[in-house]
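One-letter residues, chain by chain:
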Amino acid sequence: MWHGDYRFLLKNLILKDFRIRYRNMSLGVFWSLLNPVVMLGVYIFVFTQLLKNDTPHFAVFLLCGIVPFSFFSGAWAAGTSSMVDNASLVKRVALPRELIPITSVLSTCVHLIIQIGLLLVIVLLSGIPVNVYWLWLPLIWGLEVVFVCGLALLFSAINVYVRDTRYVVDSANTILFWLVPIVYSFAIIPQRFRAIYRWNPVAALVMAMRDILLDAKYPGNWLLIQLTLGAFFCLGIGLLVFRKLKEGFYDYL
Amino acid sequence: MKIITCENVSKTFHRHSGQVLLRQHLAYLFGRNRGSEFHALKGVSFDVVDGEGLAVIGSNGAGKSTLLSMVAGLAKPDTGSVQVNGRIAALLELGSGFHPDLTGTENVYLNAALLGFTEKQTKEMFGTIVDFAAIGDFMDEPLRSYSSGMWLRLAFSVAVNVDPDILIVDEVLAVGDQDFQAKCYDRIRGFRNAGKTFVCVSHSKPILMELCDQAIWLDHGEMMMTGPIADVFEAYEGRLQVQT
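As you go down the protein sequences, you meet chains A and B in turn.
Each number in the numbering used here corresponds to the 1-based position in the first sequence with 362 added.
Note that the numbering used here gives residue 227 to position 230 of the second sequence, counting from 1, and the numbers run on in steps of one.
Just so you know, the hints here were simulated from the structure itself, not pulled from any lab data.
Any given hint could be a false lead.
[Stated by the list, open to error] Here are the simulated lysine-lysine pairs, BS3-like style, with alpha carbons at most 27 Å apart:
(1) Lys73/B to Lys453/A
(2) Lys373/A to Lys39/B
(3) Lys606/A to Lys117/B
(4) Lys453/A to Lys39/B
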């Protein structure tokens, strides 16, 4: 068993991820900002110049979808391959193995924070006033991180046994991009699909962010409760499966 | 006091030709074609008493590293049990946990955290580690610019400063130059004199004879012999001569 300082280890693992990702880049961490800006530019062009669109504050509307989704898809994909990518560490150092997928999610949070900064700046530039419901934002972002940690635990463990898992995740992300209201509004979804949408924590998050930032209204108890239940249910399943599967990691890595 | 107890430990690996396709998964699931199995260890039992220096010897593929991995808590035995009463520092591979893109200093911090230190402890020992490694300016260079000797110096310097109850070393000391090797042996002797337990895999008889007092001899996963190191080596070498 490993008895050590979890916080210090987590900090160093996150720093490592962060350093090796940006050390050899001339633009460094600036890429976290550049990527969504480029994406935003393309979407705005397509959805305002090519397709007819009269959504007010369309940039904010889009970013409310793109920011949580790009965090979600990036962290899920990175989390899934984290165990295999760190095989040498897992096989040779007796660290608590749960920390590996969790670290990869948390180091993706650095981008999330930068992109949230971008989002809030654009919100203010668009002339949308700050309202009291902004206080809910940290909670719903926190819940998204919990949710993705659960997914990362679950899929990183499965990926050790079935290496195709990461490609399944890539495809799932492509599908989800269209099944989460990112480029369209929840309002156009037919009534019979709405309940399913609300149970998807990524969709719930996007809707909650739009409620707060665009409509200046409380997202509603029901949405927040579903978001919370979804996130912690996923974390629970992730931990449970991970605990079961980790016994075979040494043999399969 | 028994600090490590291994009872009837067995470990089997499944052999598949590198690729596990869906077909194999299904075949495995339905119990057909379990593939060939490789018995890395078969019913190995031994105890290590507090303060002992144990050498694990045997030819390549005898199961030595698998055994150490299980003692270090990295792998689970299929049958039997491994019990360890104390804090372990394992140096199973040269600089496991080091990353080539990080500098020496950054890697020392990361490795110290991996070995279970707090930030305060790491800062306190940092000077000692750097002095012991004696690689000068290279501390601020990324590890990919290091020679394997320098890599070892840094890895070993972190591990020996851990002050564990049990130090496990798998065949990594051979990379250092003579000065550094001598320094490492000094450190391990000091460690032994302090009443700590040392477990080592190596193919170098003089090193093992100097640092250990007990030995176990593994051959194709089976334990051939355990006892005082001189006796075990005698039997092991006798067997090798018979074979050749």
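Go through the numbered hints given earlier and state which of them the structure violates, listing their numbers in rising order. 2 and 3
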